[in-house]
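Q: Following the hints, complete the assembly by docking chain B onto the known chain A.
Number of protein chains: 2
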Amino acid sequence: MINLILCGGSGTRLWPISRSLMPKQFARLFDGASLFQRTVKTNSRICSAQYIVSNAEQYFLAKDQLEEVGANDVRFLLEPVGRNTAPAIALACLGLDPEDIVLVSPSDHVIRKAEAYEECLRKAEEFAKKGFMVTFGITPTGPETGYGYIEANGEDVKRFVEKPDLETAKKYVASGRFFWNSGIFCFKAATFLDELSTYSPDILTAAKIAFANAKKENKDALVRVDHEDMMNIPSNSIDYAVMEKSAKVKVVPSDIGWSDLGAFDSLYGEFDHDENGNNINAKHLGIGSKNSLVLGGQRQICTIDLDNMLIVDTPDALLVAPLASSQKVKKVVDELKARGSDLPKVPQTVNRPWGTYSVLESSDRYKMKRIVVRPGERLSLQKHLHRSEHWVVVSGTATVTVGDKVFYVRPNESTYIPSGTIHRLQNEGKLPLVIVEVQVGEYTGEDDIIRVQDDYKRS
Amino acid sequence: MINLILCGGSGTRLWPISRSLMPKQFARLFDGASLFQRTVKTNSRICSAQYIVSNAEQYFLAKDQLEEVGANDVRFLLEPVGRNTAPAIALACLGLDPEDIVLVSPSDHVIRKAEAYEECLRKAEEFAKKGFMVTFGITPTGPETGYGYIEANGEDVKRFVEKPDLETAKKYVASGRFFWNSGIFCFKAATFLDELSTYSPDILTAAKIAFANAKKENKDALVRVDHEDMMNIPSNSIDYAVMEKSAKVKVVPSDIGWSDLGAFDSLYGEFDHDENGNNINAKHLGIGSKNSLVLGGQRQICTIDLDNMLIVDTPDALLVAPLASSQKVKKVVDELKARGSDLPKVPQTVNRPWGTYSVLESSDRYKMKRIVVRPGERLSLQKHLHRSEHWVVVSGTATVTVGDKVFYVRPNESTYIPSGTIHRLQNEGKLPLVIVEVQVGEYTGEDDIIRVQDDYKRS
Numbered sequence: 001m002i003n004l005i006l007c008g009g010s011g012t013r014l015w016p017i018s019r020s021l022m023p024k025q026f027a028r029l030f031d032g033a034s035l036f037q038r039t040v041k042t043n044s045r046i047c048s049a050q051y052i053v054s055n056a057e058q059y060f061l062a063k064d065q066l067e068e069v070g071a072n073d074v075r076f077l078l079e080p081v082g083r084n085t086a087p088a089i090a091l092a093c094l095g096l097d098p099e100d101i102v103l104v105s106p107s108d109h110v111i112r113k114a115e116a117y118e119e120c121l122r123k124a125e126e127f128a129k130k131g132f133m134v135t136f137g138i139t140p141t142g143p144e145t146g147y148g149y150i151e152a153n154g155e156d157v158k159r160f161v162e163k164p165d166l167e168t169a170k171k172y173v174a175s176g177r178f179f180w181n182s183g184i185f186c187f188k189a190a191t192f193l194d195e196l197s198t199y200s201p202d203i204l205t206a207a208k209i210a211f212a213n214a215k216k217e218n219k220d221a222l223v224r225v226d227h228e229d230m231m232n233i234p235s236n237s238i239d240y241a242v243m244e245k246s247a248k249v250k251v252v253p254s255d256i257g258w259s260d261l262g263a264f265d266s267l268y269g270e271f272d273h274d275e276n277g278n279n280i281n282a283k284h285l286g287i288g289s290k291n292s293l294v295l296g297g298q299r300q301i302c303t304i305d306l307d308n309m310l311i312v313d314t315p316d317a318l319l320v321a322p323l324a325s326s327q328k329v330k331k332v333v334d335e336l337k338a339r340g341s342d343l344p345k346v347p348q349t350v351n352r353p354w355g356t357y358s359v360l361e362s363s364d365r366y367k368m369k370r371i372v373v374r375p376g377e378r379l380s381l382q383k384h385l386h387r388s389e390h391w392v393v394v395s396g397t398a399t400v401t402v403g404d405k406v407f408y409v410r411p412n413e414s415t416y417i418p419s420g421t422i423h424r425l426q427n428e429g430k431l432p433l434v435i436v437e438v439q440v441g442e443y444t445g446e447d448d449i450i451r452v453q454d455d456y457k458r459s
Numbered sequence: 001m002i003n004l005i006l007c008g009g010s011g012t013r014l015w016p017i018s019r020s021l022m023p024k025q026f027a028r029l030f031d032g033a034s035l036f037q038r039t040v041k042t043n044s045r046i047c048s049a050q051y052i053v054s055n056a057e058q059y060f061l062a063k064d065q066l067e068e069v070g071a072n073d074v075r076f077l078l079e080p081v082g083r084n085t086a087p088a089i090a091l092a093c094l095g096l097d098p099e100d101i102v103l104v105s106p107s108d109h110v111i112r113k114a115e116a117y118e119e120c121l122r123k124a125e126e127f128a129k130k131g132f133m134v135t136f137g138i139t140p141t142g143p144e145t146g147y148g149y150i151e152a153n154g155e156d157v158k159r160f161v162e163k164p165d166l167e168t169a170k171k172y173v174a175s176g177r178f179f180w181n182s183g184i185f186c187f188k189a190a191t192f193l194d195e196l197s198t199y200s201p202d203i204l205t206a207a208k209i210a211f212a213n214a215k216k217e218n219k220d221a222l223v224r225v226d227h228e229d230m231m232n233i234p235s236n237s238i239d240y241a242v243m244e245k246s247a248k249v250k251v252v253p254s255d256i257g258w259s260d261l262g263a264f265d266s267l268y269g270e271f272d273h274d275e276n277g278n279n280i281n282a283k284h285l286g287i288g289s290k291n292s293l294v295l296g297g298q299r300q301i302c303t304i305d306l307d308n309m310l311i312v313d314t315p316d317a318l319l320v321a322p323l324a325s326s327q328k329v330k331k332v333v334d335e336l337k338a339r340g341s342d343l344p345k346v347p348q349t350v351n352r353p354w355g356t357y358s359v360l361e362s363s364d365r366y367k368m369k370r371i372v373v374r375p376g377e378r379l380s381l382q383k384h385l386h387r388s389e390h391w392v393v394v395s396g397t398a399t400v401t402v403g404d405k406v407f408y409v410r411p412n413e414s415t416y417i418p419s420g421t422i423h424r425l426q427n428e429g430k431l432p433l434v435i436v437e438v439q440v441g442e443y444t445g446e447d448d449i450i451r452v453q454d455d456y457k458r459s
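These protein sequence lines are chains A and B, in that order.
1 is the number of the first residue of the first sequence in full-length UniProt numbering; add one for each residue after it.
1 is the number of the first residue of the second sequence in full-length UniProt numbering; add one for each residue after it.
It should be emphasised that the hints constitute simulated quantities derived from the structure, not laboratory data.
Some hints here could point you the wrong way.
Copies of the same chain are indistinguishable here, so a pair counts whether it falls within one copy or spans any two.
[Claimed, not checked] 16 Å max Cα-Cα, derived EDC-like pairs, lysine to aspartate or glutamate: (1) K216 <-> E119; (2) K283 <-> E335; (3) K129 <-> E428; (4) K283 <-> D342; (5) K331 <-> D305; (6) K405 <-> E151; (7) K41 <-> E118; (8) K369 <-> E437; (9) K345 <-> E244; (10) K328 <-> D305; (11) K331 <-> D194; (12) K330 <-> D305; (13) K245 <-> D156; (14) K123 <-> E155.
Here chain A stands alone, though its shape is the one from the complex:
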């Protein structure tokens, strides 16, 4: 079985932990592990390989996180822009053997009962082999109004229904016939493409063109779809495009401890709690505080007499709200966007193909960054017109190019890059290279960069 992992996400619902350049599946929520990594691990009990569909911007982020968890046989399909799930799955299936069994899974859900889940996967695989389209129906734990429901008749689907109101949801749950639509699916690649050609042929036609035109690298293990081709595929969900119309759908009732972590209140339950019901966080000192979710790891956080509150502390943004108001985080993000803020988009630590950088202070005439370059990687050969840069190596050894000179800069040594001078930072060593960069100039924006050569094809 091949695990097709969908890595979309706008990064709004868990803001400021998630940002549009750091959707929640990649945020390291649990002891340094991300939901994406957890998904890969959980599914690799059954799936022999991963096929990642993600935004092109998140390719290196996903690749790094996969390497960390030891996932090796991984293929990527990079979308320049998201067009919902049906086009994403179609493009991926076009790159697979028609007989491959595909497990489509979102990358940002939690599944707590691994063994029950494994059993469900086995059942689904059997159905898929027989040419069915399998959807996983989550046994409801309450009358949730935030999910679509599936009405089942045994293993057959009677109908899909939209998000209900509370009264309807209560009836659904009481009936015992209704399940939450989880967004997890299983089928043969050929079955999906056949059904798509029947019920949404326009998507399939456009997807075939896009796939044919896509740039393929690493023996087809990296597929980059063209922007215009992608925009030509009608945007639609797999539910609307196929599942709700197909006669070949089976449902596997799944009591698997599932959550889509759609808001901070559902995240609360994923942590261990102290005797007061607060999530365990060494940086939180609570006096009389209880039942609260306090996220943040750098500064000291002190609270008094909080109950059912949410605090999300990040280096550049702070969120405080009653846990019960978690659903309104989107409003905050919308308002920030309306004000032209970068905070909905850019996380404080920004991933780059070669490593990461974090802005430590940004002021009128200067900016300070901590830069980490992974072993064997190098930044582009570049120059800036409005800023000079001072680099102090903190650990590792830097191979530095300035103009036509190449030299090493060792820990506790520094070098200077005048504005307008071609330069490059490289880590030829075996350990991460950490440098502190002080930029000085009249303008220190990220877009003041002219790339002359780039290993990652950004020039």
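A: Same frame as chain A, but now just chain B:
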């Protein structure tokens, strides 16, 4: 009239804005102005000169803030350790002309009605000239249990009473004869010393010895009391030591819009509020939040559905609590102290005689600081054994000594100080010198410093 300003304070009640090295009177709470500066300004309508009693550690902080508000004729008495108000006032009065009229005022109170206050001061001055000890009795605005009360009979004091319980406080307020004890006093220096010799002669005797031994500089405008001498003075408040015993006390009823800002809830009222009752703060985005006090200026703060909440955001510590729990901030500070944290003591921006420094990031092998040196000032001639330093000048021009060389470092230039090397940073210019310092070494603690020469006598 001479304004004797008492600058004690433990920095706990408005933590994390206040710290023990940054008591609340020096924190820039209001558009960059501190309570200390406000006190000086308010009283200088009447008082021709200031006499500051402060902890020796806060001398340069107080001096800077006085210069900012243009206070010129200022004397200082520096205590190595606080022994409560009676010894502080005694030491100050010993340095004054016996006929001087002294207005004793705390440095961290708010007085909103400047004209009513001025009128009260005129009355007090008259009494003081006639040899009375004047206390200002604040017209109570409610049955506060946090203050001592004064029972008056016209202009005479009937008795001082301790903090009452709520029932008693209600009776006091209803009677119309009771006033809050404000800690503001007015008398001739000679009157105070006479009454002290009558009612607490041990304090006066020890204070005389301490004053005689004290180091006097700048034509007695700067008096530094010796630590042992100070410890020999019995610790007591002016209320206990003199006011409650003297037969020469008069009370001036004062309806002057007074607050001691004893906790964040009383600070709430000092700010302008938006239509939702939140203090105006450009860094706060509230969705449905109301009646809340949100303090902080560097990061974006977003809140949802808060009511009557307190958020205090500083670069190294965050406090969140219901405003009604403001009195419990002390518990937070006590717990942090018990855990060995530096946060109750050290503010993120630390004042030094020559300027300020802020730690921007502190990590295992390095520390980054922003350093601001005031025009005409210089750091000590010093060396470090465990760290090297990289200095990048951002604005201003640095005069740098490294070993036996002295040279200029201009904006966008840098220099390097190897560990063990004697060095000095100086600002000979007319504008502030701003540098970014990257320290690299196995240990970057503040105590790794050997001072060879210091303008501020710290070597």
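Q: Checking an output row: K41 and E118, CA cutoff 16 Å. Within, between, both or neither?
A: within (12 Å within a copy, 74 Å between copies)
Q: One pair to classify: K245 and D156, alpha carbons no more than 16 Å apart. Within, between, both, or neither?
A: Answer is within: at 13 Å inside a copy they meet the 16 Å cutoff, but 93 Å across does not.
Q: Checking an output row: K331 and D305, CA cutoff 16 Å. Within, between, both or neither?
A: between (26 Å within a copy, 12 Å between copies)
Q: For K283 vs D342, is the C-alpha pair at or below 16 Å within one copy, between two copies, both, or neither?
A: between (27 Å within a copy, 14 Å between copies)
Q: Have a look at K129 and E428 and pick one of within, between, both or neither, based on CA distance no larger than 16 Å.
A: Neither, since 48 Å and 82 Å both go past 16 Å.
Q: Go through the copies and call it for K328 and D305: within, between, both or neither, with a Cα cutoff of 16 Å.
A: between (23 Å within a copy, 9 Å between copies)
Q: Given identical chains, is K345 near E244, meaning Cα to Cα at most 16 Å, within a copy, between copies, both, or neither?
A: neither (34 Å within a copy, 64 Å between copies)
Q: At 16 Å max between alpha carbons, let me know whether K331 reaches D194 within a copy, between copies, both or neither.
A: Answer is neither; intra-copy 40 Å and inter-copy 67 Å both fail.
Q: As a check of your reading, is K330 near D305 (CA-CA no more than 16 Å) within one copy, between copies, both or neither?
A: between (27 Å within a copy, 13 Å between copies)
Q: Between K283 and E335, at a C-alpha cutoff of 16 Å, which is it: within one copy, between copies, both, or neither?
A: Between copies, since 13 Å is at most 16 Å while 29 Å is not.
Q: Taking 16 Å as the upper bound on the Cα-Cα distance, should K405 and E151 be classified as within, between, both, or neither?
A: The answer is neither: 69 Å in one copy and 84 Å across copies each exceed 16 Å.
Q: How would you label the pair K369, E437 (within, between, both, or neither) given a Cα cut-off of 16 Å?
A: both (5 Å within a copy, 13 Å between copies)
Comparing the model with each numbered hint stated earlier shows that hints 1, 3, 6, 9, 11 do not hold.
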